[in-house]
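Chemist: Chains as they are written, first to last, in our numbering: chain L, 396 to 987; chain P, 396 to 987.
Bear in mind the hints are in silico, worked out from the structure with no lab data behind them. Check before you lean on any hint, since a few could be wrong.
[As the list claims (entries may be wrong)] Calculated cross-link-like contacts (lysine-lysine; reagent style DSBU-like; alpha-carbon spacing at most 35 Å):
{"id": "1", "chain 1": "L", "residue 1": "K984", "chain 2": "L", "residue 2": "K895"}
{"id": "2", "chain 1": "L", "residue 1": "K820", "chain 2": "L", "residue 2": "K693"}
{"id": "3", "chain 1": "L", "residue 1": "K984", "chain 2": "P", "residue 2": "K895"}
{"id": "4", "chain 1": "P", "residue 1": "K984", "chain 2": "L", "residue 2": "K979"}
{"id": "5", "chain 1": "L", "residue 1": "K805", "chain 2": "L", "residue 2": "K693"}
{"id": "6", "chain 1": "P", "residue 1": "K820", "chain 2": "L", "residue 2": "K547"}
{"id": "7", "chain 1": "L", "residue 1": "K685", "chain 2": "L", "residue 2": "K820"}
{"id": "8", "chain 1": "P", "residue 1": "K547", "chain 2": "L", "residue 2": "K820"}
{"id": "9", "chain 1": "L", "residue 1": "K984", "chain 2": "P", "residue 2": "K766"}
{"id": "10", "chain 1": "P", "residue 1": "K895", "chain 2": "L", "residue 2": "K685"}
{"id": "11", "chain 1": "P", "residue 1": "K707", "chain 2": "P", "residue 2": "K820"}
{"id": "12", "chain 1": "P", "residue 1": "K979", "chain 2": "L", "residue 2": "K979"}
{"id": "13", "chain 1": "L", "residue 1": "K485", "chain 2": "L", "residue 2": "K547"}
{"id": "14", "chain 1": "P", "residue 1": "K766", "chain 2": "P", "residue 2": "K805"}
{"id": "15", "chain 1": "L", "residue 1": "K505", "chain 2": "P", "residue 2": "K895"}
{"id": "16", "chain 1": "P", "residue 1": "K820", "chain 2": "P", "residue 2": "K805"}
[Claimed, not checked] Residues from chain L shown here face chain P by an in silico Cβ test under 7 Å; the list is partial:
{"id": "17", "residue": "Y527"}
{"id": "18", "residue": "P628"}
{"id": "19", "residue": "P923"}
{"id": "20", "residue": "A966"}
[Stated by the list, open to error] The following label-pair restraints were derived from C-beta to C-beta distances:
{"id": "21", "chain 1": "L", "residue 1": "G557", "chain 2": "P", "residue 2": "T737", "range": "49 to 57 Å"}
{"id": "22", "chain 1": "L", "residue 1": "P983", "chain 2": "P", "residue 2": "H534", "range": "48 to 56 Å"}
{"id": "23", "chain 1": "P", "residue 1": "R835", "chain 2": "L", "residue 2": "P983", "range": "52 to 60 Å"}
Note that beta-carbon positions come from the ideal geometry of N, C-alpha and C, so glycine has one too.
Number of protein chains: 2
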Amino acid sequence: MTQRRAASCGELRKADVGQAVLIRGWVNATRDHGGLIFVDVRDRFGVTQAVFDPRSGEEEARVAASLRSEDVVAIGGVVRARPAGTENAKLPTGDIEIAATDLSVLNRSKTPPFPIHGDGEIDESLRLRYRYLDLRRPHMQRNIILRHRAIKAVRDHLDAQGFLEIETPMLIKQTPEGARDFVVPSRLHPGAFYALPQSPQLFKQLLMVAGFHRYFQIARCFRDEDTRADRQPEFTQIDVEMAFPTQDEIIHVIESTLAHMFREALGVDIAVPFVRLTHEQAMADYGSDKPDLRFGMKLSDVSAAFAGTEFKIFSQALARGDAILAFVDPGGAARPRREFDTLAATAVELGARGLGWISFAGDGVRSSLPKAALTEEMLRLLRERTGARTGDALYVVADELRAAQTVAGKLRVHVADQRGLRDSKTFAFCWVLDFPLFERDEETGGLMPAHHPFTAPAHGDESLSGDPLALRAQHYDVVLNGMELGSGSIRIHDPAVQRKIFSVLSYSDADVEQRFGFLLEAFAHGAPPHGGMALGVDRIILLMAGGDSIREVIAFPKNQRFADPMMEAPAQLAPEVLRELHLKTDIPKRRL
Amino acid sequence: MTQRRAASCGELRKADVGQAVLIRGWVNATRDHGGLIFVDVRDRFGVTQAVFDPRSGEEEARVAASLRSEDVVAIGGVVRARPAGTENAKLPTGDIEIAATDLSVLNRSKTPPFPIHGDGEIDESLRLRYRYLDLRRPHMQRNIILRHRAIKAVRDHLDAQGFLEIETPMLIKQTPEGARDFVVPSRLHPGAFYALPQSPQLFKQLLMVAGFHRYFQIARCFRDEDTRADRQPEFTQIDVEMAFPTQDEIIHVIESTLAHMFREALGVDIAVPFVRLTHEQAMADYGSDKPDLRFGMKLSDVSAAFAGTEFKIFSQALARGDAILAFVDPGGAARPRREFDTLAATAVELGARGLGWISFAGDGVRSSLPKAALTEEMLRLLRERTGARTGDALYVVADELRAAQTVAGKLRVHVADQRGLRDSKTFAFCWVLDFPLFERDEETGGLMPAHHPFTAPAHGDESLSGDPLALRAQHYDVVLNGMELGSGSIRIHDPAVQRKIFSVLSYSDADVEQRFGFLLEAFAHGAPPHGGMALGVDRIILLMAGGDSIREVIAFPKNQRFADPMMEAPAQLAPEVLRELHLKTDIPKRRL
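Go ahead and model the full structure; you've got the sequences and the hints to work with.
Modeler: Here is the structure:
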């Protein structure tokens, strides 16, 4: 072959006409037009057309005609302009083609189990089994490249801000962070296990104690959860920690990081600073601590409108101290009655005791509520408080405040989905601040940390006196389009405060010593005030890419049963391996 | 407090005099000079001196006087020039001090178990137990910051070269890579286990099949080895893979990456291209496939010099086909006799059958060898072949070729150490090429891959015919100062060749199917030719930093028993956790 330069399948243009080149890649398609063999060659940079003319190379043209999709080839030839009228404007390389003179078939391919072209729906188990083929598909190539660019942007930005990336260990000790740990048996220490980290939380705090303020890490984390929708056993987070920070400083670092990420990876400028809501306000206005701000439809407390109503459901609710909440469905008066009925059923599925709807149609008010809840004065107050106009519909729920907020919040999102208000190309960020310090554990009835037990109480709440559920934390979440991207907090650095928190959480002294002795010891050796944040990478990339599942933005994810159908993991171990690990399996017998 | 800016403890200079500032950090030292209280405050950027004058703030001065080392403070005041004659030229901030007006003690510290100042020797188990304090020490701060810079440089360089960083999974299936896997029991799949990766090897090959040529990853890897010197159960590698590469292209990428890394992180320009040696040449000249090129002292084959000798040890060795090798110890003739005796003992410890030494002193030749090995002609030939001059010493070993090379190579390094020729500030890189494809497994006597079973045979050796031990591989190592930094190879992409390799290695068909079925299936779907490399990050940073153990360049390493004395990991699990994992421990009873 003559002297020629290797070119990617995406780079050749009119300016390259006349050059001798070599392209290598996968056969995307072949066509025979009057004896000329056209071969489209693909790599991750694009597609280039090569043309074999039997008059100038009979053998090459014969082999070219035998090529099948996904064969791997190297093609040499000279770049030439495509004949006028045959240019392909959809392709960056569409003005040129390669007059091919040489062809090497580097590897043949079996017929793929699904087409590589296009973004059609393919059974996911097949996709995961042949992930190496699935990853050739255009949208997966885009997503993985986007992920690289986004994470690179994070690193560049944080490095420029003086943050150090420090690797923390993966073989650690079990520490409770809400979910189950994956564990790793130790062969050298019979009967003992490491745990895989659910986050680098304690290590990043120790790094602050060690004086490495401004730490970050793109960290792999592990959680052995019962598989809920769209979780992976391993996931990646952007982990950030600072010494001597204010909450505002951390918020600023995270905002600028996200802005840099979206600009560099996606070419999208997001507006900073983000909207800030208190937790209380987010719940009151949106019925969620992860409010979707791409659309309005705020909740209103309309309890006062129904004061003195003879409608028993409302009057009893008000007597109990429950709340009556409503939100407007703009233009909703145009819905036929059966849609309201369906919405009411949905509301009940979402947890509502029932749904009242009021349609302010031009020709009069229609409603599921009885007249006793629809006096002139009530309707006037309702419209005043909610801003409902003629042509709108109004949805009303009554329940204990948090329950009413939560269900109204879910219904609000449901209605917005129906109305197409949740455009994946719009990015509405916000901060939710001033979270509670503790929550009630639904299962045990005991107190649990709303974030984690290392979160500092709000200024003024350090003494932890009074109702624990009324205490606020220096805890903040960043939310995008109704999804929590990450949580952060100012941490406790005073060992006495940390002990008090453990005590409120009813950890025994022995438990505290065994699990957190090293942390308390570290705090007693000059721990600086510190705080930080962790952001979920998979979810951020998913929102950037637009898609339904984080499996679309992870190169080799597990399926929903946490298995890898390609490698067939997890798998049984050889008996001698188990013996070396001082383990026996103890499989439950199936019931007959 | 008045309006003032937060400053690090390393940034204030004469130009800042007059500014109101706030510094925060750890008390490095306090001194009382005639009632003035001097407090040195430290953070990771430096040390700044603050001065409290009781005349301008009695309470602050009193608290300042009570400060102890490692207390955490915030100090406000005005920058002023130090009085003439009291400047500290050793400190970048040594021209200024802060006339302190405000002091907050943010956290008190217990007396540290070892001093934070200076780089003195401290028992390592204590250092690991209080790692958060150990990491405050200056050389650990330097090492961790160096590590950040070096890895950032790698990412920047590879990104600029069009490489994509792609995360591969950590919960995978057991695949044999020479060492034991750490495993992770699956709760959802009773009796089944994931393995933690020893490297992303198979995934990066699948990424090439997927069309992501130019992949890299800074990847955490795991090996459950019997603890040898300076190994960690988890370690980090720079993992690189390319499609359609030549060996030269990969070598160039790695050289430019290392050069960028050393320049950006260390300010050292290393010369590229590196020296290239074949494996055979490295063994012949340096007795090692990891030759230290910071010094000469090449080995010479002096078998011919002793042809016809009546010295039985040499004549029998030559009759057996063994080799007699020698190397020069420049100026070694000055050694007293007992040093030669000690060296001979060392050689035997290193595996030699014995060591002959010849001292070419000015006043005559002395030697441990008998006259029958020291005829005029033999001495002439020896000096001719080895280049030994008057004043030098010569060391001679006889053994089967590989054994003789290996022991002479070790002795060469030992002598260079004695002579101080292994300067940690000199960086001598080289490539070792053309490794054998297979090695004999010392334990089983069977064949094993010299690198891994995915390494392509050398051009011409693809048919795998003839003596397997004579086959060469497309396998290359990069070596720095006698340490292997990494291994790479062109991989097999043809499923038929891969099957043939497995068959030479005596893997059963069932075994191949079960362990590598997915890989062979991937190769059958259009796998491009591909190859790459993996470099050990911990070792590179160690060589950059200069030090004895990779534990010096890892923030939270395990000890030599793979335990973490700070967290006390690994640890026993609660019985209910084991039950959930369908496991029982099976601890061997100690013998009485």
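Chemist: If a hint holds in the structure, say so; if it does not, say that too.
Modeler: Hint by hint, here is what the structure shows:
A threshold of 35 Å between alpha carbons decides the hint, and for K984 (chain L) with K895 (chain L) the separation of about 45 Å lies outside it, so the pair is violated. Taking the CA atoms of K820 (chain L) and K693 (chain L), the gap is near 22 Å; set against the 35 Å cutoff, the hint holds. For the proposed pair K984 (chain L) and K895 (chain P), the alpha carbon gap of about 42 Å is over 35 Å, so the pair is violated. Restraint check for K984 (chain P) and K979 (chain L): satisfied, since their Cα atoms lie roughly 15 Å apart, inside the 35 Å limit.
Simply put, K805 (chain L) and K693 (chain L) have alpha-carbon atoms about 12 Å apart, close enough for the 35 Å limit, and the pair holds. Pair hint K820 (chain P) plus K547 (chain L) holds up; C-alpha atoms about 31 Å apart against a cutoff of 35 Å. Among the hinted pairs, K685 (chain L) with K820 (chain L) is consistent with the structure: their alpha-carbon atoms are about 18 Å apart, no more than 35 Å. Annotation: proposed proximity of K547 (chain P) to K820 (chain L) holds, straight-line Cα distance about 31 Å (limit 35 Å).
With a C-alpha separation of about 80 Å, the suggested pair K984 (chain L) and K766 (chain P) falls outside the 35 Å cut-off, and the hint is violated. Between K895 (chain P) and K685 (chain L) the CA atoms are separated by roughly 56 Å; this puts the pair beyond 35 Å, and the hint is violated. For the proposed pair K707 (chain P) and K820 (chain P), the alpha carbon gap of about 45 Å is over 35 Å, so the pair is violated. For a cut-off of 35 Å, the pair hint linking K979 (chain P) to K979 (chain L) stands: about 5 Å separates their Cα positions.
As the CA atoms of K485 (chain L) and K547 (chain L) are separated by approximately 29 Å, the hinted pair is consistent with the 35 Å bound. Taken as a hint, the K766 (chain P) and K805 (chain P) pair is honoured in the structure, with Cα atoms around 27 Å apart against an allowance of 35 Å. Distance restraint check for K505 (chain L) and K895 (chain P): the Cα-Cα separation of roughly 20 Å lies within the 35 Å cut-off, and the hinted pair is therefore satisfied. Of the pairs offered as hints, the one joining K820 (chain P) and K805 (chain P) holds, with about 21 Å between alpha carbons and a cut-off of 35 Å not exceeded.
Taking 7 Å as the C-beta cut-off, the interface hint given for Y527 (chain L) holds, the closest approach to chain P being about 4 Å. For P628 (chain L), the interface hint holds, since its Cβ comes within 7 Å of a Cβ in chain P; the closest pair sits about 6 Å apart. Annotation: P923 (chain L) was flagged as interfacial toward chain P, and the flag holds, the nearest CB pair being 5 Å apart, inside 7 Å. Hint status for A966 (chain L): holds, given a least beta-carbon distance of 5 Å to chain P, under 7 Å.
Between G557 (chain L) and T737 (chain P) the C-beta distance comes to about 52 Å, which sits within the given range of 49 to 57 Å. Here the CB-CB span from P983 (chain L) to H534 (chain P) is close to 53 Å, well matched to the stated 48 to 56 Å. For the pair R835 (chain P) and P983 (chain L), the supplied restraint of 52 to 60 Å is violated, since their beta-carbon distance comes to about 46 Å.
In this structure, the hints that do not hold are numbers 1, 3, 9, 10, 11, 23, in rising order.
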